[in-house]
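Chains A and B are the protein sequences, given in the same order. Using the working numbering, the first residue of the first sequence is number 7, and each one after it goes up by one. Using the working numbering, the first residue of the second sequence is number 63, and each one after it goes up by one.
Worth flagging that the hints you see were computed from the coordinates, not collected in a lab. Watch out, some of these pointers could steer you wrong.
Just so you have them, the derived chain B footprint on chain A, three or more residues with Cβ under 8 Å [to be verified]:
hint, region
1, 63-69
2, 79-91
3, 311-319
The list that follows gives simulated cross-link-like pairs (lysine-lysine, DSSO-like), each with its CA atoms no further than 27 Å apart [stated by the list, open to error]:
hint, chain 1, residue 1, chain 2, residue 2
4, A, Lys385, A, Lys244
5, A, Lys259, A, Lys244
6, B, Lys203, A, Lys346
7, B, Lys203, A, Lys354
8, B, Lys193, B, Lys250
9, B, Lys495, B, Lys479
10, A, Lys310, A, Lys346
11, B, Lys91, B, Lys289
12, B, Lys303, B, Lys288
13, B, Lys424, B, Lys492
14, B, Lys495, B, Lys424
15, A, Lys310, B, Lys250
16, B, Lys250, B, Lys289
17, B, Lys250, A, Lys346
18, A, Lys259, B, Lys437
19, B, Lys492, B, Lys437
20, A, Lys259, A, Lys162
21, A, Lys310, B, Lys424
22, A, Lys244, A, Lys225
23, A, Lys244, A, Lys346
24, B, Lys193, B, Lys289
25, B, Lys492, B, Lys314
26, A, Lys162, B, Lys193
27, B, Lys91, A, Lys159
28, B, Lys437, B, Lys479
29, A, Lys161, B, Lys324
30, B, Lys425, B, Lys324
31, B, Lys193, A, Lys310
32, A, Lys354, A, Lys259
33, A, Lys346, A, Lys225
All C-beta atoms in this analysis are idealised placements derived from N, C-alpha and C, irrespective of residue type, glycine included.
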Amino acid sequence: MSLRLRILAILFCLAAVKAVADTPSIEHWTTANGARVYFVAAPEIAMIDVHVVFAAGSARDGDRKGLANLTNGLLKEGAGPLDADAFNRRLGATGARMHTRTARDMAYLRLRTLADDQYAEPALDLFTDAVARPRFDEGAIERLSARVIVALKRKKQSPGRIAQDAFFRALYADHPYASPTDGTEESVAGFKRVDILDFHKRYYVAHNAVIAIVGALDKARAKQIAEAITAPLVAGEKAGVLPEITAPGATEKHIEFPSIQSHVRVGLPGMRRGDPDYFPLLVGNHALGGNSLVSILFREIRAKRGLSYSAYSYFMPMAQPGPFIAALQTDRTQQAEALKILYETIEKFVTDGPPTADLAAAKNNLIGGFPLRIDSNSKIVEYIAMIGFYDLPLDYLDTFTARVAAVTAETVKDAFSRRLDIENLVTVIVGRTGAQADDS
Amino acid sequence: MKSLSIATLITGLAITAFAVAENRTQEYKLDNGLELIVQEDHRAPVAVVQVWYRVGSSYEYDGITGVSHALEHMMFKRTEDLETGEFSTIVAAKGGRENAFTSADYTAYFQQWSAENVELSFEIEAERMHKLVIEDEEFAKEINVVLEERRLRTDDNPQALAAEASRAVAFQTSPYRYPVIGWEADIKNMSADDLRRWYDRWYGPNNAIVVVVGDVDPNEVHALAKKHFGPLAARDIPPPKSRPEVPQHGTKRVTFRSAKAKVPYLIMGFKAPVLAQAISSVEVEEWEIYALDVLAETLDGDASARFQRNLVRGREIASEISASFSSSSRLTSLFSCNAVPREGTSLAELEQAILDEIDALKKDPPSVEELERIKTQVVADTVFERDSMQHQAMIIGSLRAVGLDWRLKDTYVDSIKAVTRAQVLEVAAKYLKREVLTVAYLLPEEAS
Chain A
7 MSLRLRILAI LFCLAAVKAV ADTPSIEHWT TANGARVYFV AAPEIAMIDV HVVFAAGSAR
67 DGDRKGLANL TNGLLKEGAG PLDADAFNRR LGATGARMHT RTARDMAYLR LRTLADDQYA
127 EPALDLFTDA VARPRFDEGA IERLSARVIV ALKRKKQSPG RIAQDAFFRA LYADHPYASP
187 TDGTEESVAG FKRVDILDFH KRYYVAHNAV IAIVGALDKA RAKQIAEAIT APLVAGEKAG
247 VLPEITAPGA TEKHIEFPSI QSHVRVGLPG MRRGDPDYFP LLVGNHALGG NSLVSILFRE
307 IRAKRGLSYS AYSYFMPMAQ PGPFIAALQT DRTQQAEALK ILYETIEKFV TDGPPTADLA
367 AAKNNLIGGF PLRIDSNSKI VEYIAMIGFY DLPLDYLDTF TARVAAVTAE TVKDAFSRRL
427 DIENLVTVIV GRTGAQADDS
Chain B
63 MKSLSIATLI TGLAITAFAV AENRTQEYKL DNGLELIVQE DHRAPVAVVQ VWYRVGSSYE
123 YDGITGVSHA LEHMMFKRTE DLETGEFSTI VAAKGGRENA FTSADYTAYF QQWSAENVEL
183 SFEIEAERMH KLVIEDEEFA KEINVVLEER RLRTDDNPQA LAAEASRAVA FQTSPYRYPV
243 IGWEADIKNM SADDLRRWYD RWYGPNNAIV VVVGDVDPNE VHALAKKHFG PLAARDIPPP
303 KSRPEVPQHG TKRVTFRSAK AKVPYLIMGF KAPVLAQAIS SVEVEEWEIY ALDVLAETLD
363 GDASARFQRN LVRGREIASE ISASFSSSSR LTSLFSCNAV PREGTSLAEL EQAILDEIDA
423 LKKDPPSVEE LERIKTQVVA DTVFERDSMQ HQAMIIGSLR AVGLDWRLKD TYVDSIKAVT
483 RAQVLEVAAK YLKREVLTVA YLLPEEAS
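Construct all of the structure, not just a fragment, from the sequences and the given hints.
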């Protein structure tokens, strides 16, 4: 068959795509003091990944914006009997890699170590100390606060990051999701050691923890590891439910910035993890702005008109509805045109529903591409940590492709019309906007 | 469609540290000169296919900088048998993820998808290897996308602009002075004919390396490669003219003032030889390159390395700091140190502190403990990196694209293990000299 004919066969044979990957078999249990554990055995590579996730993200900051992030960052700055120098020297000697990160819902620590006990035991001991016995030395607090403040200043160089922060503020107003995870220069400068100790004591507790383990170990060893990590934690209490979201209403916010490009964000509060509309919204958005080089937004804004290097949209599902974000960046002289196309494209999609070919392309890509979602230990450990953290069913991965397949143009149109109120879109533009756009 | 600078892609140990004792790797060469390297990895029913061309911004010359990258963009448009955009439609329809990247030394294209689609990869990559159609109208739109990309990555990013200026000063005659994405004026003045000529000059099976990593049988992949790439005729592709960097005879300095910058930034680069030169010349020994890699790790391998221990902690004068060495680039490269100071510390103070750390290694070698730590981490990282097929393929392709043997990825651990404390001291003294240093200061300036 010629290439031409084969291509036609591919494009019109919509049912030909099927997922062939075996989904990982997830084991789940709870530790003696109440931490939830998720485990997948992956014997092929002699290494172990451990992620410990706490509901201790910046949504728990209260009035002290950036406290969750600073607390989490300090976990690597000395623990148990070891100061930062000694801790990192010992960790380095094991070959293991440890990372911390804070998002709005969650704060986590990740460890990747060789499976061999000679390395894994000391690495896991250090990791356990970092989780449960951080020192929060005054010197480390001052140092990390000062570094976060420099990073916050540096963020003000980036129109894209300014736009993202401003978009969350516009979307979430007084809700804890409104603030950036790293806080503000003023707030971070004011933290006292006692604030950090209190935060750690409240949120870094067993009932507020999810542990995900993937690697070359059996369940018995995984149980030992999970018990060892959580044993020094107090049982404590799960963090409370975050406040409900209030719809913001249509707004358009311009932020003056001396950049050549205008950075645009358009959207609304979108959906929760485990949302009943998750699959129609996921699949619909994949057609609209998620299916990288072939999505509708990419086609309309970049391929047809050359207006932006990137043009995309996504839902960020969170504990409370995370945002739906459509974004682009373009030379300010083209801003009006690009924004007009962006609005029109979203509006048409919501009003008319997904075009047949785009919906089919989105479903085929999600289903055919499913094996790529679980083709490495890093991806699997992230999935099971997410499943655990948001209490998703253990068969989430097993049923993924069938649930994508079940999505129809009608269910997408129905979900988008209910969930994406185009009359109330929030728009944020960072760049040389308004009157000052005319001066040069 | 990213433009990666060689420095961000290949930072010393991170990329070459890889060994795959358990994963069989086979190499083949077709009659038309196309190289095929296949590595089996049966952990998941997927594969990555990468097609590398030996061309990038270091093959370019004044007036057409960025042409390799612009051509990379047009490779997603039309061919004789595929309509505009159809390439990506096919990949997406089969569940694939695709992209491409251009660096100073190479241009590479890839698809990741179910292993059964390897043949389809070959079919469509063979198509655009010799049947690309660059249409004027599509080019006119796409060059605007490239300009937007430059604005996004560089023109609106003061650190990137300063780094670009610093690189252009560090290299006097070497084409490494060009930004991968090209100078703005060159992008604006580029024509579709420039791209057509570039495509005709460099694209052909005898300048291509195909790398496949995944759940495949190497001999079957070889048969498929013969079927789809085999019929393509080898083309006359003479190697690029040699444009070596002239010797440097003193520290060069760049001051970059920006009203957009909010924090100062320090960029330091020492000219240093690379693996490709050590292998092809008698003036540089191969161990020297590995010792430079260990030197970079001594300064900045992890949170216990000297920069973090002494400058972030210790003296508390750096807020962010890194050291890196791109040992697997094609031409004389840079041993780089980049840093953001703590508030209250000047760039001059931070520069001096970095030089002090380097000078200390010219007097006393790293400790036994430091060297042990680095060697343990290299061993561990080689295990960890087996988790990513894409990463494995990147290492193979990036080595072959600059003419290095892909087996270096397997011997790398032993080469690093063989480095002695005295050798680290020796290369610090020999290469990290003020005469070959370029220093750039990015200084925030109040908008007038």
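Under the criterion that the straight-line Cα-Cα distance not exceed 27 Å, is the pair Lys437/B, Lys479/B satisfied? holds, 6 Å
Checklist entry - Given the proposed pairing of Lys162/A with Lys193/B, does the C-alpha separation stay at or below 27 Å? => result violated, 46 Å
Would you check chain B against the region 79-91 of chain A, counting CB to CB pairs closer than 8 Å, and say if three or more residues qualify?
holds (count 3)
Review point. Taking only the CA atoms, is the gap from Lys193/B to Lys289/B under or equal to 27 Å?
Key: holds, 17 Å
Holds or violated: are the alpha carbons of Lys203/B and Lys354/A at most 27 Å from each other? Satisfied, since the Cα-Cα distance of roughly 24 Å is no more than 27 Å.
### Query
Given the proposed pairing of Lys354/A with Lys259/A, does the C-alpha separation stay at or below 27 Å?
holds, 23 Å
CA of Lys161/A to CA of Lys324/B, is that 27 Å or under? holds, 8 Å
| Hinted pair Lys310/A and Lys424/B, Cα distance within 27 Å | With Cα atoms ~57 Å apart, Lys310/A and Lys424/B exceed 27 Å; violated.
*CA of Lys250/B to CA of Lys289/B, is that 27 Å or under?*
Violated - the C-alpha atoms of Lys289/B and Lys250/B are around 40 Å apart, more than 27 Å.
| Pair hint outcome, Lys193/B versus Lys310/A [Cα-Cα no greater than 27 Å] | Holds: Lys193/B and Lys310/A sit about 22 Å apart, inside 27 Å.
Holds or violated: are the alpha carbons of Lys193/B and Lys250/B at most 27 Å from each other? holds, 26 Å
| message | Tell me if the straight-line CA distance from Lys91/B to Lys159/A falls inside 27 Å. | response | violated, 53 Å
In this structure, the hints that do not hold are numbers 1, 5, 12, 16, 18, 21, 23, 26, 27, 30, 33, in rising order.
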